[in-house]
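**Q** Chain residues, written in single-letter form:
Number of protein chains: 2
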Amino acid sequence: MQVISHRPSISIDFDKIRAAHERIRAYINRTPVLTSSRLNEASGASLFFKCENFQKIGAFKARGATNAVFALDDATARHGVATHSSGNHGAAVARAAKLRGIPAHIVMPSNSAKVKVRAVESYGAHIVFCEPMEEAREAQCAEVIKKTSAMLIHSFENEDVIAGQGTAAMELLEEVPDLDLVMCPVSGGGLLSGTAVAAKSMQPKIKVVAAEPENVDDSAQSFRAGKRIVTEKKFTIADGLRTNIGEPNFAIVQRYVDDIVTVSEAAIVSAMRTIWETMKIIVEPSAAVPYAAVVEQKIDISGKRVGIILTGGNVDLDALPWVK
Amino acid sequence: MQVISHRPSISIDFDKIRAAHERIRAYINRTPVLTSSRLNEASGASLFFKCENFQKIGAFKARGATNAVFALDDATARHGVATHSSGNHGAAVARAAKLRGIPAHIVMPSNSAKVKVRAVESYGAHIVFCEPMEEAREAQCAEVIKKTSAMLIHSFENEDVIAGQGTAAMELLEEVPDLDLVMCPVSGGGLLSGTAVAAKSMQPKIKVVAAEPENVDDSAQSFRAGKRIVTEKKFTIADGLRTNIGEPNFAIVQRYVDDIVTVSEAAIVSAMRTIWETMKIIVEPSAAVPYAAVVEQKIDISGKRVGIILTGGNVDLDALPWVK
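Listed in order, the protein sequences are those of chains H and Z. Counted the way this note's numbering counts, the first sequence spans residues -18 to 305. Counted the way this note's numbering counts, the second sequence spans residues -18 to 305.
Bear in mind the hints are in silico, worked out from the structure with no lab data behind them. Just so it is clear, the structure is predicted and the values come from calculations on it, not from any experiment. Some hints here could point you the wrong way.
For identical chains, the list gives no copy identity; a pair is met inside one copy or between any two copies.
Claimed, not checked - 27 Å max Cα-Cα, derived BS3-like pairs, lysine-lysine:
id: 1; residue 1: Lys97; residue 2: Lys305
id: 2; residue 1: Lys186; residue 2: Lys95
id: 3; residue 1: Lys305; residue 2: Lys95
id: 4; residue 1: Lys279; residue 2: Lys128
id: 5; residue 1: Lys79; residue 2: Lys127
Next up, chain H with everything else stripped away, as it sits in the complex:
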């Protein structure tokens, strides 16, 4: 049985990302890479958007969760899997467990959006509600694991999750090999660490830059300080990015990532709207954060070929940030 407080040692290389891709490819979408001549003109660069908003469950999280669930040996898997999540990771674990035919226990804060609860339910997962605090979530999840012997699938402090998330950048670079730069948002650091390992392995000269809301800039602070700094949770419209970066994730980020820049709330909303209006695709606020950094010129991309991972498209259409 795995104990919730246990932090497994994590080591990631490109072979693990390639193996993840082989393992999950039948269960996920190979998402398209879109370009926009208008956004290229506006930015003075060539932008290549990897559309994980078109991924299963509407977000890249399907990659890591599916890899982690299918990487389990049968003896472990038959006890099921558990996680705590108010967002896309819970749906991703629930879906992967259903595909594998094993139970999933998803601990969700009692104030979770109904649409997210319904998404998890739609995959037949067992939902356990808890108080909406991080400690309550972790405690409740530990309780569930103790009772069921289910395996914890942490949303970012998990080697197989990180390897799975890295497959998005791998597909992007297979399709557009000569990128100068790849960008993604950072929160817990699962996507960023997987992206960095994949990108630097496939294209050693590539730069990897993460973007983060100013209001939750723990990763940027940590990056500058050279050690992991935990900050208090503040509000950001980018609700997928409120978590502090994980310890093992930060270790990988320190080694492979070139910069972490921050963006204002106004820039996130504006970038999100620009992507909707110009590219005619729906991205959630968190997914607009790297393009917000382009608009705010937080990084020099002039004349460069830039890959941007659009992380997800799960938005409440009744509560758009520009509608008063």
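Could you slot chain Z onto chain H? The hints should help.
**A** Chain Z only, in chain H's frame:
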């Protein structure tokens, strides 16, 4: 000089559509065909969405206008082109004229949405405002043509426009040849007539079905009556579909189209929202009309392979139909 009231005789075949494609391919996007396992499950069919919301100017209209502008001989073209439009066709003609380096005169109703006026302006066209009635638009456009000797590019009663619009279905069937059915909306009938000729030429057994809002059902009425019926303009949320079908367009429709079905306003809004939420793409209300017919089961598609042309994605994000 061409007189505005002149109705040129129109004859369309697949060679003209192929020639149109050769002529415009450097200037337009070859738009992707997207699928959704959720919408397939919901409909009991295999749906293939041709994403003209990703087309230049955000709508299929770029195809017909570009073909018509580039089909002109140099002596005619140097006087420029003119049209009247409150919507996507005006922007499409303005863009095509800019690409060819000739003047464009766009007559727009004085109550046109600012965003549409700005789109036309952004291509450097000369805008002439008029009273927001059909007669005023036509009269003003005739005036402009008299003054400038510009060539009228009518938005649907034009052979080259129809041939250009037919290239969307041509690309769709090149990518998915074994469709049982292809669907698109109908208004003036430019897209429908081009689609029908392309589809029946490439796949003689295919069925071609158009969908139309109940509130502006002149095409469906005409189709049943076997003669063109002109109806009064009523409100529909599908603002791109308020025009009556053209005479030459109806002649082609009578020959090649298998059915025209109608949908309620509520179904249009619901279908639009479902496409946004499920496919994470932005389509305008007019573009959701064929899928609304699927949802309202106006046509039996059970087990069939169905192509649906998503006509455009130009939406005012400050005035979404489900936001009160």
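**Q** None of the hints should be skipped; say for each whether it holds.
**A** Hint by hint, here is what the structure shows:
For a Cα distance limit of 27 Å, the shortest separation of lysine 97 from lysine 305 qualifies both inside one copy, at 23 Å, and across copies, at 23 Å. Taking the shortest alpha-carbon separations for lysine 186 and lysine 95, neither the intra-copy value of 44 Å nor the inter-copy value of 45 Å comes in at or below 27 Å. Taking the shortest Cα distances, lysine 305 and lysine 95 sit within 27 Å of each other both inside one copy (21 Å) and across copies (20 Å). Proximity of lysine 279 to lysine 128 under the C-alpha cut-off of 27 Å is found in neither arrangement, the shortest distances being 48 Å within a copy and 51 Å between copies.
In the homo-oligomer, the alpha carbons of lysine 79 and lysine 127 lie at most 27 Å apart inside one protomer (21 Å), although the nearest pairing across protomers, at 68 Å, exceeds that limit.
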